[in-house]
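Visitor: Residue numbers (our numbering), protein chains in the order written: chain A, 21 to 142; chain B, 21 to 142; chain C, 21 to 142.
Since the hints were derived computationally from the structure, they do not count as laboratory data.
Treat the hints loosely; a few may be bogus.
Label pairs and their calculated CB-CB ranges [said to hold, decoys possible]:
(1) A:P122 / B:A107: 42 to 48 Å
(2) A:D105 / C:V71: 37 to 43 Å
(3) C:S123 / B:A107: 26 to 32 Å
(4) B:P94 / C:D105: 21 to 27 Å
(5) B:A107 / A:P32: 40 to 46 Å
Partial list, computed: chain B residues near chain C (C-beta under 7 Å) [stated by the list, open to error]:
(6) P32
(7) G39
(8) V90
(9) M113
(10) V120
(11) P122
(12) A133
For glycine and all other residues, C-beta sits at the position ideal for the given N, C-alpha and C.
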Amino acid sequence: MIQGLAEEQRLPGAIVHGGLVWLVGGAADDASLDTGGQTADVLRQADAPLVQAGTDKRRLLSVTAVLADVRGAPAMNPSWNGWFDPATKPARMTIGAALVDPSWRVEVTGVAALDGRGARNA
Amino acid sequence: MIQGLAEEQRLPGAIVHGGLVWLVGGAADDASLDTGGQTADVLRQADAPLVQAGTDKRRLLSVTAVLADVRGAPAMNPSWNGWFDPATKPARMTIGAALVDPSWRVEVTGVAALDGRGARNA
Amino acid sequence: MIQGLAEEQRLPGAIVHGGLVWLVGGAADDASLDTGGQTADVLRQADAPLVQAGTDKRRLLSVTAVLADVRGAPAMNPSWNGWFDPATKPARMTIGAALVDPSWRVEVTGVAALDGRGARNA
């Protein structure tokens, strides 16, 4: 079973090692969007590295969302709730802090499990 | 031994998977408390998901503390030092950033190990 | 193979458990340095706990860099790129937030893999 775990891989957008997938901090491709739109954009972009690593959003374990203006948290939530299945939301912390590009409204990072050990039978 | 690891569980306050427990970012129930009081409140609340997952605060590996006002760091420390055993403090990073509810003085998240693999014989 | 993993150890600067090394949030010893200099100082200091744990910077999986002033991100990058091998950079999130000591320009934390399971054959 251990042998079945992916060896370390460096994918665009993620590092895979020992049954975990560490996402690179991601921001929206379209920075003209508002907080809700940028959130949807960022989450959508996370699908590719998760799938390439052999997992998906249902196996995200913990996510940190950093908002340029923390008052945008309510605007973030509909996009969040639309992307995640209610039964498989990760642990989350949301804070407000400065982001590298002033046009970014939100940056998201997180860690997911790979399929194959202790994973949900979904 | 691998078989003894908990399958993924979604507890109130934590996600358990593959030998690790990922805490949800937690804030004080009583937001009228000062920074020291909110810290004690948040840490006390973390006991329940840790115990429900089959571990406890001695197996916290890494914790992030986010203070609404970073100048509150000295006021946080007595509560921190009172909750942790000196021999089993986790790795910590403390920063100052905006929190979702303006009455929160501190939010804490972290990751703990489950008993059963590489755990301290305590 | 599992048996070969380090038991939990609490090193100065890191917690080791179950194949992962959790770095303590680190700041520069010489806080008179500018952002680039403090970044180089912090990263250099991370070598010791990584090596003591039995790994090295090539096995860092995920790193968070917190800048006191996020506009210092470009000044951080040459030190970053000088310390990491381009082939083995970790997932990174960079944000701007207040640090505990006002003379600190940057604080860095992260998680590395131990040699021995799923590790790069380098």
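Visitor: If a hint holds in the structure, say so; if it does not, say that too.
Guide: Each hint, compared with the structure:
Take A:P122 and B:A107: their Cβ atoms lie about 44 Å apart, and the range 42 to 48 Å holds. Separation of A:D105 from C:V71 is about 42 Å and conforms to the stated range, judged on CB atoms against 37 to 43 Å. The supplied range of 26 to 32 Å is met by C:S123 and B:A107, whose beta-carbon atoms lie about 30 Å from each other. Between B:P94 and C:D105 the C-beta distance comes to about 39 Å, which lies outside the given range of 21 to 27 Å.
Look at B:A107 against A:P32: about 42 Å separates their beta carbons, and that is inside 40 to 46 Å. For B:P32, the shortest C-beta to C-beta distance to chain C is roughly 24 Å, which exceeds 7 Å, and the interface hint is violated. Interface restraint check for B:G39: the shortest CB-CB distance to chain C comes to about 6 Å, inside 7 Å, so the restraint holds. Nearest Cβ of chain C to the Cβ of B:V90: about 4 Å, under the 7 Å cut. The hint holds.
Given the 7 Å rule on beta carbons, the hint for B:M113 holds: about 3 Å separates it from the nearest Cβ of chain C. Among the interface hints, the one on B:V120 is violated; its C-beta lies about 15 Å from the nearest C-beta in chain C, farther than the 7 Å criterion. This hint is violated: B:P122 has a C-beta 16 Å from the nearest C-beta of chain C, more than the 7 Å allowed. Evaluation of the B:A133 hint against chain C yields a held restraint, the C-beta minimum of about 5 Å falling below 7 Å.
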